[in-house]
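S.K.: Chains A and B supply the protein sequences, listed in that same order. Offset between the first sequence (1-based) and my numbering: plus 4. Offset between the second sequence (1-based) and my numbering: plus 45.
These aren't lab readings, by the way, just hints derived from the structure by calculation. It cannot be assumed that every hint is accurate.
[As the list claims (entries may be wrong)] If you want the footprint, here are the derived chain A segments under chain B, 3+ residues with CB under 8 Å: (1) 49–62; (2) 70–81; (3) 92–105.
[As the list claims (entries may be wrong)] The list that follows gives simulated cross-link-like pairs (lysine to any residue, SDA-like), each with its CA atoms no further than 25 Å apart: (4) Lys245/B to Lys213/A; (5) Lys58/B to Asp94/A; (6) Lys64/B to Asp94/A; (7) Lys213/A to Thr311/B; (8) Lys58/B to Lys159/A; (9) Lys58/B to Lys213/A; (10) Lys142/A to Lys245/B; (11) Lys245/B to Trp130/A; (12) Lys58/B to Leu116/A; (13) Lys58/B to Trp130/A; (14) Lys213/A to Leu116/A; (15) Lys64/B to Tyr140/A; (16) Lys58/B to Arg133/A; (17) Lys159/A to Asp63/B.
Ideal Cβ positions, reconstructed from N, Cα and C, are used throughout, including at glycine.
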Amino acid sequence: MISAHGLSRSFDGRPAVEALTFHVPEGKLFALLGPNGAGKTTTVRMLLGLIGPTSGSATVAGHAIGGDPIAARAVRAACGLLTEAPGFYDRLSAWDNLLFFGRLYGMSDALLRTRVTHYLRLMDLWDRRDEAVGGYSKGMKQRLAIIRALFHDPKVVFFDEPTSGLDPEAALAVRDLIVKLKGEGRTIVVCTHNLDEAERLADLVGILKRRLLACDTLERLRAGAGDGARVHIAVRAGAAQHAQRLQGQPFAPHVDVTGETLRVTVGDAAVDTPRVVAALVQGGAEILEVRPETPSLESIYLHTLRGDH
Amino acid sequence: MRVLMLFLQKELKAIGSDKRVWPVYVVFPVLAIGLPTFLATLSPLLIRQGMASHDPGMLQISRLVQTMPGFAAMGPEEGMTRYLLRSVAVLFLLMPVALSSTSAAFSIVGEKQQRTLEPILATPVTDRQFLLGKLIAAGAPTVVMTWVTALVTITVVDVVTHGRYATLLLPDRFWALGILVLAPLLAAAVVLVTMRFSAKATDPQATVQATALVIIPGFLILIAVFGKVLTTYFAALWIGCLIMAVIDLFLFRGSVRTFRREEILTRWK
Chain A
5 MISAHGLSRS FDGRPAVEAL TFHVPEGKLF ALLGPNGAGK TTTVRMLLGL
55 IGPTSGSATV AGHAIGGDPI AARAVRAACG LLTEAPGFYD RLSAWDNLLF
105 FGRLYGMSDA LLRTRVTHYL RLMDLWDRRD EAVGGYSKGM KQRLAIIRAL
155 FHDPKVVFFD EPTSGLDPEA ALAVRDLIVK LKGEGRTIVV CTHNLDEAER
205 LADLVGILKR RLLACDTLER LRAGAGDGAR VHIAVRAGAA QHAQRLQGQP
255 FAPHVDVTGE TLRVTVGDAA VDTPRVVAAL VQGGAEILEV RPETPSLESI
305 YLHTLRGDH
Chain B
46 MRVLMLFLQK ELKAIGSDKR VWPVYVVFPV LAIGLPTFLA TLSPLLIRQG
96 MASHDPGMLQ ISRLVQTMPG FAAMGPEEGM TRYLLRSVAV LFLLMPVALS
146 STSAAFSIVG EKQQRTLEPI LATPVTDRQF LLGKLIAAGA PTVVMTWVTA
196 LVTITVVDVV THGRYATLLL PDRFWALGIL VLAPLLAAAV VLVTMRFSAK
246 ATDPQATVQA TALVIIPGFL ILIAVFGKVL TTYFAALWIG CLIMAVIDLF
296 LFRGSVRTFR REEILTRWK
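Next comes chain B alone, as it looks inside the complex (with noise of 0.2 Å):
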């Protein structure tokens, strides 16, 4: 376990030493905690004026959600708000697929650019190891980070909603179950996925292109698509967890027994 630390904590003092990549972690946060609070603020006053006006689009949406699981039972604005608030959930699955992957990335060819990564496989460290700590590395910052971010974002709606409704606005479990576990079952698949074209990589620019133009376009896309089910149905979102899991317990296996020192340390040039 120590051992799997001491990447973390490479990795936190050289973010922490590298202004360079600060504002990454700074814009996801602003817009995560940004767009829940505007929606939660604004969106009760457009609900009741398009309500009272008889707006048939607001109309249509207001017979819509009343038909979705565990929104029946609420009023028009109320409801339409909580849904509004569990579809930007997804905003919390994108965040650490977005920032892990930039970590990642780097996470191999950057030790070979750097020739660090002989130094390291001369040390007794397995290659469980030395994957397990890269993963833990990539992964962990930005999950505790939007974890932070999903608190905070909780803690402000709860703030300027209180006292309208009957309970508070959030968490719901969707929220809990799909920030607490999904959204660290994507980053780990992502990081794994980078990884692995950052162990074949012998140019940083080759698996930072991969990544913005394969790895989180693909990783988006399928958020897109099973968005809608994830945050509609319970029993989906914890169908997706499973699946994610396993999946990520595929892609590990995978790394490690695709991991070859030989050819990373004798065709890197």
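Bound conformation, chain A alone (with noise of 0.2 Å):
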């Protein structure tokens, strides 16, 4: 749904992003990390035909982007944008903001009115839908950006940071509108800073810092990081004897001791976790507990930025 090959943009000869090259599948979630200034948002501008491409070439919903408006013009009537400040007309009404901007989408007036109905009260903004904008709270106009992005019935959405300024309820509401999305069978790329949001989502996640620094499934991402997996293990008694056992193994490179706990790590989690507790059990260890420690998305975004320094 989403193809990006070499995608660069420089302004003023300064490159904002160079080369991104990813694929998202229809029906997918893509999540693009990056820190401030990474080019997310340019990354978005130029995936929508908002701005063009310095080189490179992608394609949007079967639709080439840069150079041919009209292509451009399919790209934007095919897909929704939540920007990252929510943006509307402070002196009407949020019914009033909703049917501006749905008929820019060229929607009739009927199916934009239920449409918007529908919207207002899953955002629950239905009592409050003839009151201007200007006095909403920022969630509320978040969540009626929400909407903006969504009543045209995109195949594409482009989410940048949808949980900023939400409450944790609101918020919790919008993940699972987005999860909700994703089984419609459309195509999701959410900007975040939120990790935690991103491992909640994600099929699939970018780091990005100018470059594409990482570009998988979590799993995958997972998988690579770091020098191994981990195992936790947890022992009645006699810890550091057993990792002095362990030490040298070449299924257990490296131990690491706390209290009655063993911290290994090993090469791959499958293979290797059962030679360990089979060495242990061997050397006469009484296991409590056995624990693959799965990194965090944090652990392998920071690695990951960490590594491009």
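Fit chain to chain and form the complex, with the hints in mind.
M.R.: So, in structure tokens, the structure goes:
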């Protein structure tokens, strides 16, 4: 649904993003992570055809971006965008704002009114639809902006910080909505600093810092993170002696001890964990718990960014 | 067409909900109705008195008016009153210029400031539709207001002067062509020039200052310089309309050509 090949963009000769190559299949959620100024917004704007690439190419919803104005319109018609700042006319009501933007998408009034009504109820804004948006809280404006990104039934949705400014309950509702949208087969790109959110939602994760430093499924990123998987093993007693016995074994290149818990680094968790457990049992250890340590997205993200320095 | 009217609808709703701008839309019409009514009511009395007392100044003006095209066959009172009314028709050219420039100043920079520009540009709307929508939104309300004000003025002037002359004083063909054709063309030119400032600006204040200090005075000088010839020779008024239509066309094409989505989106912080 989204394919980018060597997509680059410079401003006044300074590269904002370089050589982005990735593919997001239909119905998948791609989380684009990166520090401020990494090029996330520039990437989204290029994919939406709002700005052209300096080099490279991309197709979104079957239309090539850059150059052809008709294709650019088709891309924009097929996509929804939640901008970083909600952006509404403060003096107009929520209802009038949504009607204005919906008509710009060429929706018929009857369909637009039905959709706006549906989403205003879904986002818990129905009772305040006639109030001027200027009086809305940040979270309410964000929910309104989400409606604007969705009401024309786009195939591809770009969310720039979707839960920014929302209280935990509203953020959960938005995450649920995103999961539902994905379930409906929409392709979703989420730019976020919220790694927990990305970890919960994403099928694919891209870590961007001008270049795409990593781009893969979360499982593959985890598998490739650091110098191996880790396993926590709690024993009843003698953890230090058991650790000494494990040192030097090819399947357990590194062992740390904290109290009566061993933290064993293994090459491949699925293959090496049973070997470690067997070695410990043979050495007389009474094992209370074996728990694989899954690297968090945060640790993968930080590790990837540090590796770029 | 539907897209173009959307911007107008939105603009009208915004004006309707912003009480601060209402006085601007009241002062000009009151002036534009009041001055011709005042002239139509009082000038015959003053002219009659001046002519009766053989006031040299009044006699000189009367002779001057009678040498002008279309006034020779009229009596001095009617000729001078009609001449004065034709002169103040310029007010109806100034009105759309002054009023539309205010909306135009905010047209694009206002969208940037409210952060609504990116959501608009993310829709399938084209640059041409966006700019034409903005042109109509900034220009149409003031043009309609000018026409309504002119209609009220004509009615009031004709009521207060009813039966005094063989024909009604207003509208004459200069008023008709000037208000129906030249006024909208002038408004369009002002809006297009101001919108170009607005698209380049990063601060609404800068556009307002440019409008107040450069654009409006520039158009006022233009109207002052050509006002006399436009209210004297009907052919000159036609030519003025044609020239302004061509200027508008070039300004619009130039606006579309120089409208840079990218620059607006990426340079605005």
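S.K.: For every hint, state whether the structure bears it out.
M.R.: Hints and how they fare:
1. 49–62: holds (count 5)
2. 70–81: Contact hint for the stretch 70–81 of chain A vs chain B: holds, 5 residues under 8 Å.
3. 92–105: Per the Cβ count (8), the hint holds.
4. Lys245/B to Lys213/A: violated, 30 Å
5. Lys58/B to Asp94/A: holds, 11 Å
6. Lys64/B to Asp94/A: Answer holds: Lys64/B to Asp94/A is near 14 Å, not above 25 Å.
7. Lys213/A to Thr311/B: holds, 18 Å
8. Lys58/B to Lys159/A: violated, 32 Å
9. Lys58/B to Lys213/A: Status violated; Cα separation ~43 Å.
10. Lys142/A to Lys245/B: violated, 29 Å
11. Lys245/B to Trp130/A: violated, 38 Å
12. Lys58/B to Leu116/A: holds, 19 Å
13. Lys58/B to Trp130/A: holds, 21 Å
14. Lys213/A to Leu116/A: violated, 39 Å
15. Lys64/B to Tyr140/A: holds, 20 Å
16. Lys58/B to Arg133/A: Holds, at roughly 16 Å.
17. Lys159/A to Asp63/B: violated, 38 Å
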